[in-house]
Amino acid sequence: MAQHKLEISELDFENIKGSLKRFLSNQNEFKDYNFEGSSMAILLDLLAYNTHYLAYNANFVANEMFMDTAQLRSSVASLAKLVGYTPNSARAPIADLKLVINDGTGASITIPAGTKFTSSIDGLTYTFVSVGDKVVQPVDGIYTCQSLDVYEGTYVTYSYTYDSTDIDQRFLIPSDRADTTTIKVVVQNSSSDVAQSTYTKATSITELEGSSKVYFLQEAEDGQFEIYFGDGIIGKKLEDGNIINISYVVTNKTEANGATAFTLSGSISGFTDITTTVNSSAQGGAEPESLQSIKFNTSSFYASQDRAVTVEDYKSKVKQLYANSQSVSAWGGEDAETPFYGRVYLSILPKSGSNLTDATKERIVKDLKKYSVASVTPVILDPETTDLIITSNVKFNEGATPKTADTIKSNVITTLTNYNSNTLQAFDSIFRYSKLTGLIDETDESILSNITTIKMRKSFVPTLGSSTKYTINFANALYNPHSGHNSASGGILESTGFKIDGNTTDVFFLDDDGQGNVRRYKMDGSVRSYANSTQGTIDYSSGKVEVNSLNVSNIENVRGVASTVIEVTVKPNSNDIVPIRNQVLDIDVANSSVTVEADTIVGGSANAGIGYTTTSSY
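For the sequence shown, my numbering assigns the number 1 to the initial residue and increments by one for each residue that follows.
Simulated from the structure, these hints should not be mistaken for lab results. Since the model is a prediction, treat every value here as computed from it, not as a measurement. Glycine included, C-beta positions come from ideal geometry on N, C-alpha and C. Do not rely on the hints blindly, as some may be mistaken.
[To be verified] In the SDA-like style, the derived pairs of lysine to any residue whose C-alpha atoms are separated by at most 25 angstroms in a straight line are:
1) K295 - G333
2) K134 - V194
3) K403 - T391
4) K237 - R170
5) K351 - S327
6) K236 - T157
7) K544 - L381
8) K295 - V194
9) K455 - S593
[As the list claims (entries may be wrong)] Just the calculated beta-carbon pair ranges, DEER-fashion:
10) Q71 - L47: 26 to 36 angstroms
11) S483 - L439: 35 to 45 angstroms
12) K366 - Q224: 22 to 32 angstroms
13) A113 - I430: 43 to 53 angstroms
The whole structure should be built from the sequences, with the hints applied where relevant.
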């Protein structure tokens with residue numbers, strides 16, 4: 001009996017071809033046909049290829065319809081558009097400058113948009129520009145601009161003339177390196193009517209009217225952005241002949257981050273004797289938002305509904321407002337160490353550069369207030385790094401590998417480095433002891449075991465010549481198995497050296513007595529001589545260390561290098577370390593210790609375990 005139905009199960013080419021052959025061979029007309037030795041094989045290949053390609057394209061199109069599975073940036077950007085999310089463009093590094101116009105005269109001086117400054121990094125020169133006119137009034141005859149933001153890149157103006165008969169007309173920004181935060185849109189009535197109106201970017205349609213002079217922004221193809229206008233109901237509608245002037249900065253993205261010295265190019269209002277100082281160096285330059293980031297932030301943006309109420313809302317908004325953010329932590333004032341109601345605290349770890357400058361923080365806070373509800377005040381705190389010091393003793397079977405102990409040691413150090421960069425160095429990234437020790441064991445097949453210990457280290461900057469109280473919060477319980485633990489040998493706390501005001505000879509250090517007291521001592525030979533047995537307190541359960549009335553006159557070198565900080569190192573109670581609030585964990589790989597030695601039992605040199613060397617986690 002002939003088979004009249006195809007077997008449809010898989011979309012693989014060979015399976016499709018096999019299904020077609022079985023279908024035809026079961027038909028009476030082709031019952032004894034040789035499909036492999038005839039031209040029919042070519043036709044079957046053609047049918048199978050066609051089916052395969054159609055199925056592939058259909059599957060591809062279906063995948064591009066959903067945010068989770070979409071692979072094309074245009075698809076992801078289009079899906080984000082449905083919930084009102086606009087991906088971040090490239091971001092220009094921003095520097096904050098102070099200008100003194102020494103030869104200025106007149107009632108006021110205008111620093112025009114597009115004023116150029118130059119700066120050099122690694123032998124390359126970059127241009128920075130202002131993006132708005134700034135009027136400077138004289139004070140006692142001196143023209144001082146206390147703060148001027150300048151953006152790295154080229155200041156560009158692109159113009160369009162609106163034509164309602166051109167249904168395909170679009171207002172594209174023809175660069176994939178345009179910083180959309182610098183966009184300024186000015187609409188001129190016509191070529192004969194030079195009256196102009198400045199349009200602002202619409203962030204919400206709920207407050208817009210038909211006369212609102214706003215523009216909308218969306219990502220188009222090829223990483224470029226597109227501006228469009230209202231329809232007369234939501235936003236003012238353009239009229240034929242309107243000239244749309246779009247100004248923006250085209251940037252080199254991250255290349256100029258860290259620029260610290262700036263020179264004016266040309267003049268300002270004809271004046272050239274201008275002193276330029278830097279309030280804050282250039283930072284914030286970033287690549288366009290990645291696909292992964294767009295997918296993640298779109299859902300957060302939709303959940304926040306264009307307002308900031310929960311801490312997750314604030315985290316989402318910060319990532320939207322500050323593209324250079326690698327990681328954001330947020331917590332309510334009620335959850336702060338010292339509760340402060342009516343505040344939300346934020347900490348931002350940038351992708352590049354150091355901590356955010358005061359100017360950058362002020363910009364972010366100002367933008368966040370647009371979305372804050374009631375009287376909640378955003379406050380940005382710098383991240384606090386807790387260094388982890390790793391000591392690992394690794395045993396390996398030298399008979400199972402041609403590698404030397406030094407080679408395995410180098411590979412283990414690489415494992416530490418990779419774990420640090422891939423797992424830590426972000427808010428909420430927990431150091432998990434078993435994960436790291438497992439990765440160390442997996443570094444090489446010859447590794448038999450490792451005994452690894454952890455210490456935590458933080459530092460503080462003392463105010464020289466002043467009796468000051470310092471608080472160092474490790475925010476993790478510290479090791480103290482019993483009262484007075486290890487008191488004779490300095491407890492579980494140690495510090496780098498410093499000198500006390502009024503004593504230019506002795507170098508002092510800090511330790512603890514195992515009973516909650518921080519002590520200050522000096523070394524008399526190999527003996528600790530305590531100058532103050534109650535210099536401060538240590539709370540083993542909370543991890544808080546307080547040093548009272550410490551008058552530091554000089555800081556000793558740390559690991560042979562001049563230092564501005566005093567380091568404090570402690571032993572945690574748990575091998576798993578959890579950062580809270582604005583804390584970030586970072587393994588100090590350079591100052592960690594890895595030893596690799598051949599296992600003597602498998603090597604046959606420690607029969608019955610006699611002479612076998614072991615180490616301890618404590």
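Against the structure, the hints:
1. Taking the CA atoms of K295 and G333, the gap is about 29 angstroms. The hint is violated against a cut of 25 angstroms.
2. Of the supplied pair hints, the one linking K134 and V194 holds, its CA atoms being roughly 22 angstroms apart against a limit of 25 angstroms.
3. Among the hinted pairs, K403 with T391 is consistent with the structure: their alpha-carbon atoms are about 22 angstroms apart, no more than 25 angstroms.
4. Our distance criterion of 25 angstroms between C-alpha atoms is met by K237 and R170, whose separation comes to about 14 angstroms.
5. With a C-alpha separation of about 8 angstroms, the suggested pairing of K351 with S327 holds against the 25 angstroms cut-off.
6. In summary, the hint linking K236 to T157 is supported, as the alpha carbons are separated by about 22 angstroms, within the 25 angstroms threshold.
7. A C-alpha spacing of about 19 angstroms is found between K544 and L381, which places the hinted pair at or below 25 angstroms, so the restraint holds.
8. Proposed proximity of K295 and V194 is contradicted: the alpha carbons are some 43 angstroms apart, above 25 angstroms.
9. For a cut-off of 25 angstroms, the pair hint linking K455 to S593 stands: about 12 angstroms separates their Cα positions.
10. As the Cβ distance of Q71 to L47 is approximately 28 angstroms, the hint placing it in 26 to 36 angstroms holds.
11. For S483 paired with L439, a C-beta distance near 37 angstroms keeps the hint of 35 to 45 angstroms intact.
12. A hinted range of 22 to 32 angstroms for the beta carbons of K366 and Q224 is consistent with their spacing of about 28 angstroms.
13. For the hinted restraint 43 to 53 angstroms between A113 and I430, the CB-CB distance of approximately 47 angstroms keeps it satisfied.
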